[in-house]
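There are 2 protein chains.
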Amino acid sequence: MHILITGAAGMIGRKLTARLVRDGVLNGRTIDRMTLTDIVAPELPAGATFAVATAASDLAMAGAAARAIAHRPDVIFHLAAIVSGEAEADFEKGYRVNFGGTRELLEAIRLAGGGYRPKLVFASSIAVFGAPFPDAIGDEFFLTPLTSYGTQKAIGELLLADYTRRGFLDGIGIRLPTIVVRPGKPNKAASGFFSSIIREPLNGQEAVLPVSEDVRHWFASPRAAVGFLLHAADLKGDRLGARINLTMPGLTCTVGEEIAALARVAGADVARRIRREPDATVAKIVAGWPQNFDACRATALGFRAETSFDDIVRAHIEDELGGRIGA
Amino acid sequence: MHILITGAAGMIGRKLTARLVRDGVLNGRTIDRMTLTDIVAPELPAGATFAVATAASDLAMAGAAARAIAHRPDVIFHLAAIVSGEAEADFEKGYRVNFGGTRELLEAIRLAGGGYRPKLVFASSIAVFGAPFPDAIGDEFFLTPLTSYGTQKAIGELLLADYTRRGFLDGIGIRLPTIVVRPGKPNKAASGFFSSIIREPLNGQEAVLPVSEDVRHWFASPRAAVGFLLHAADLKGDRLGARINLTMPGLTCTVGEEIAALARVAGADVARRIRREPDATVAKIVAGWPQNFDACRATALGFRAETSFDDIVRAHIEDELGGRIGA
Numbered sequence: 001m002h003i004l005i006t007g008a009a010g011m012i013g014r015k016l017t018a019r020l021v022r023d024g025v026l027n028g029r030t031i032d033r034m035t036l037t038d039i040v041a042p043e044l045p046a047g048a049t050f051a052v053a054t055a056a057s058d059l060a061m062a063g064a065a066a067r068a069i070a071h072r073p074d075v076i077f078h079l080a081a082i083v084s085g086e087a088e089a090d091f092e093k094g095y096r097v098n099f100g101g102t103r104e105l106l107e108a109i110r111l112a113g114g115g116y117r118p119k120l121v122f123a124s125s126i127a128v129f130g131a132p133f134p135d136a137i138g139d140e141f142f143l144t145p146l147t148s149y150g151t152q153k154a155i156g157e158l159l160l161a162d163y164t165r166r167g168f169l170d171g172i173g174i175r176l177p178t179i180v181v182r183p184g185k186p187n188k189a190a191s192g193f194f195s196s197i198i199r200e201p202l203n204g205q206e207a208v209l210p211v212s213e214d215v216r217h218w219f220a221s222p223r224a225a226v227g228f229l230l231h232a233a234d235l236k237g238d239r240l241g242a243r244i245n246l247t248m249p250g251l252t253c254t255v256g257e258e259i260a261a262l263a264r265v266a267g268a269d270v271a272r273r274i275r276r277e278p279d280a281t282v283a284k285i286v287a288g289w290p291q292n293f294d295a296c297r298a299t300a301l302g303f304r305a306e307t308s309f310d311d312i313v314r315a316h317i318e319d320e321l322g323g324r325i326g327a
Numbered sequence: 001m002h003i004l005i006t007g008a009a010g011m012i013g014r015k016l017t018a019r020l021v022r023d024g025v026l027n028g029r030t031i032d033r034m035t036l037t038d039i040v041a042p043e044l045p046a047g048a049t050f051a052v053a054t055a056a057s058d059l060a061m062a063g064a065a066a067r068a069i070a071h072r073p074d075v076i077f078h079l080a081a082i083v084s085g086e087a088e089a090d091f092e093k094g095y096r097v098n099f100g101g102t103r104e105l106l107e108a109i110r111l112a113g114g115g116y117r118p119k120l121v122f123a124s125s126i127a128v129f130g131a132p133f134p135d136a137i138g139d140e141f142f143l144t145p146l147t148s149y150g151t152q153k154a155i156g157e158l159l160l161a162d163y164t165r166r167g168f169l170d171g172i173g174i175r176l177p178t179i180v181v182r183p184g185k186p187n188k189a190a191s192g193f194f195s196s197i198i199r200e201p202l203n204g205q206e207a208v209l210p211v212s213e214d215v216r217h218w219f220a221s222p223r224a225a226v227g228f229l230l231h232a233a234d235l236k237g238d239r240l241g242a243r244i245n246l247t248m249p250g251l252t253c254t255v256g257e258e259i260a261a262l263a264r265v266a267g268a269d270v271a272r273r274i275r276r277e278p279d280a281t282v283a284k285i286v287a288g289w290p291q292n293f294d295a296c297r298a299t300a301l302g303f304r305a306e307t308s309f310d311d312i313v314r315a316h317i318e319d320e321l322g323g324r325i326g327a
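Chains as they are written, first to last, in the numbering used here: chain C, 1 to 327; chain U, 1 to 327.
Bound-form chain C, shown alone (with noise of 0.2 Å):
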């Protein structure tokens, strides 16, 4: 079992490489060779037992997603994107990164010859939905992307499906929800107060609020992420018929939820390191973000996600801090 990773830098791409390397199987089949590329050549995982090529590649450009399938890689994880702000802030990067990219790999997939038919799985996300929703979006609700990101990742879900759909490859597109707590420093992500309320706290900080307690959002951690992927890679392609783009599940919740959770798992005096500065900008974006789901066809497939915001604040605690909470 040979696996490419695109995109293995980044936050995913990183938990999903450790976690195969921990496995050590994919699928039921022993992992022997593991391809991992970025637009910056992604670290050496420690401690694995097969061979781990790494790789500086840029999907867009030329020949480059034809190197990185050289080896006829069995399944490939395709997570390689620029994020949401930068697609929004650089129109022909986006499109480049995002679309381009996505489209390289897909058509050197398909020129690759040999009866080459790799599993993909594709790291789609909500985006892909724009505002206004119903109360929870259903497995037929339109794409109406309001963001260039969010078309990016809806094209990316068609053409997947067509090349899929003619033989090309075997693809599942997964709408991954807000990961939540996200590792590492602040960022200026519009959506990174959802994880820094979190974080900060624990880590012995002060973190900042910017929208109302009432704030509502679809999340799931990333250790279900990495799940959802590996569950993916391991379905079968005709258990989804033509309809091979799915909402992932995740549990809706609200900013409120979310400090409650916080403080019944690490007690009030963390939670008390939230300070309320409510930003007009940050809350006019995340109005139009959707809210809830009704993921019935992918949980009816077997993927599954935190039920409570209690578990994604143990599931943090857990993996990124040694199971102790900062003083």
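Any given hint could turn out to be false.
[Said to hold, decoys possible] Below are the DSS-like pairs computed for lysine-lysine, each with C-alpha atoms no more than 27 Å apart in a straight line:
#1 Lys284(C) - Lys188(C)
#2 Lys185(C) - Lys284(C)
#3 Lys236(C) - Lys188(U)
#4 Lys188(U) - Lys284(U)
#5 Lys15(U) - Lys93(U)
#6 Lys236(U) - Lys284(C)
[Stated by the list, open to error] Here are the simulated distance ranges between beta carbons:
#7 Thr30(U) - Gly113(C): 53 to 61 Å
#8 Asp214(C) - Gly24(U): 53 to 61 Å
#9 Gly288(C) - Gly256(U): 45 to 53 Å
#10 Pro134(U) - Ala287(C): 26 to 34 Å
Simulated from the structure, these hints should not be mistaken for lab results. Idealized CB from N, CA, C, for every residue including glycine.
Given the coordinates of chain C, work out where chain U should sit on it, guided by the hints.
Relative to chain C, chain U alone:
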């Protein structure tokens, strides 16, 4: 008012051209110039009271789209596409023309500079939808094309919406029903029989019906299609909001109801010129096509189609046969 029509040599393009030549105005403004492009140079229309330029143009070729918009048309009707059957038979050509041509046109507009921001009416298709369907497909049903043609149209819709949201142009995508009665010779398209069972009998010829009379589909006349395009050109973008792609109204009817309408309008003898010759391949293709829509938004925005198939038959007799039925 300068108008560009791409795909102007096609059936709808020619009818739209003729209508604009006859009207001499669009959106209440006098037409003073028209540019007609297609893969072969369209014929010069007779009787135009304004300048008409025609050109052979493959929009997917480098520089072609920039040349097509060099004189800054105020309104662009983007009809150019290869049809569903050809896009399915030739994967690369379909993506090159239907996707590449559209993207090149949008990019040429974006890069034109000088505040250029034309109205662009994009002819999309109900092929963006794929079975299984609800009883009537609503305005929020998701796009799951089951053909490469439908995929290319769906991608065109997404790009058009993002370029519009970004302010590069003022776009509207209209999903045309199956257009009947198509004038001209019978063709090999799987949908051809919907037209030929009306057209050939009215010309005194026999037509072959390859499916059962209970097959249901979604129709509008060529005259209605031209009306959609003109109405779309005149719709202000602020009436659409972010959701600029619309399913056009039409009428749902069965093949049996088509034949009954033909008998009512032209007589039972004419309707008897249809020979039943079931074709399992055609029946299977048609079974995946949409049958009925609930086109609320477009109707509320003033788009109008025929409400009885009798009217579609009459429109054909008036527009193509000079009001006379062949013996």
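Hint by hint, here is what the structure shows:
1. Lys284(C) - Lys188(C): Status holds; Cα separation ~16 Å.
2. Lys185(C) - Lys284(C): Satisfied, since the Cα-Cα distance of roughly 24 Å is no more than 27 Å.
3. Lys236(C) - Lys188(U): violated, 36 Å
4. Lys188(U) - Lys284(U): At roughly 16 Å apart (the allowed maximum being 27 Å), lysine 284(U) and lysine 188(U) satisfy the hint.
5. Lys15(U) - Lys93(U): holds, 26 Å
6. Lys236(U) - Lys284(C): The hint holds at about 25 Å.
7. Thr30(U) - Gly113(C): 53 to 61 Å: holds, 57 Å
8. Asp214(C) - Gly24(U): 53 to 61 Å: Check passed, 57 Å falls within 53 to 61 Å.
9. Gly288(C) - Gly256(U): 45 to 53 Å: With a Cβ separation near 47 Å, glycine 288(C) and glycine 256(U) satisfy 45 to 53 Å, so the hint holds.
10. Pro134(U) - Ala287(C): 26 to 34 Å: Holds: the Cβ-Cβ distance is about 30 Å, inside 26 to 34 Å.
Violated hint: 3 only; the structure is consistent with all others.
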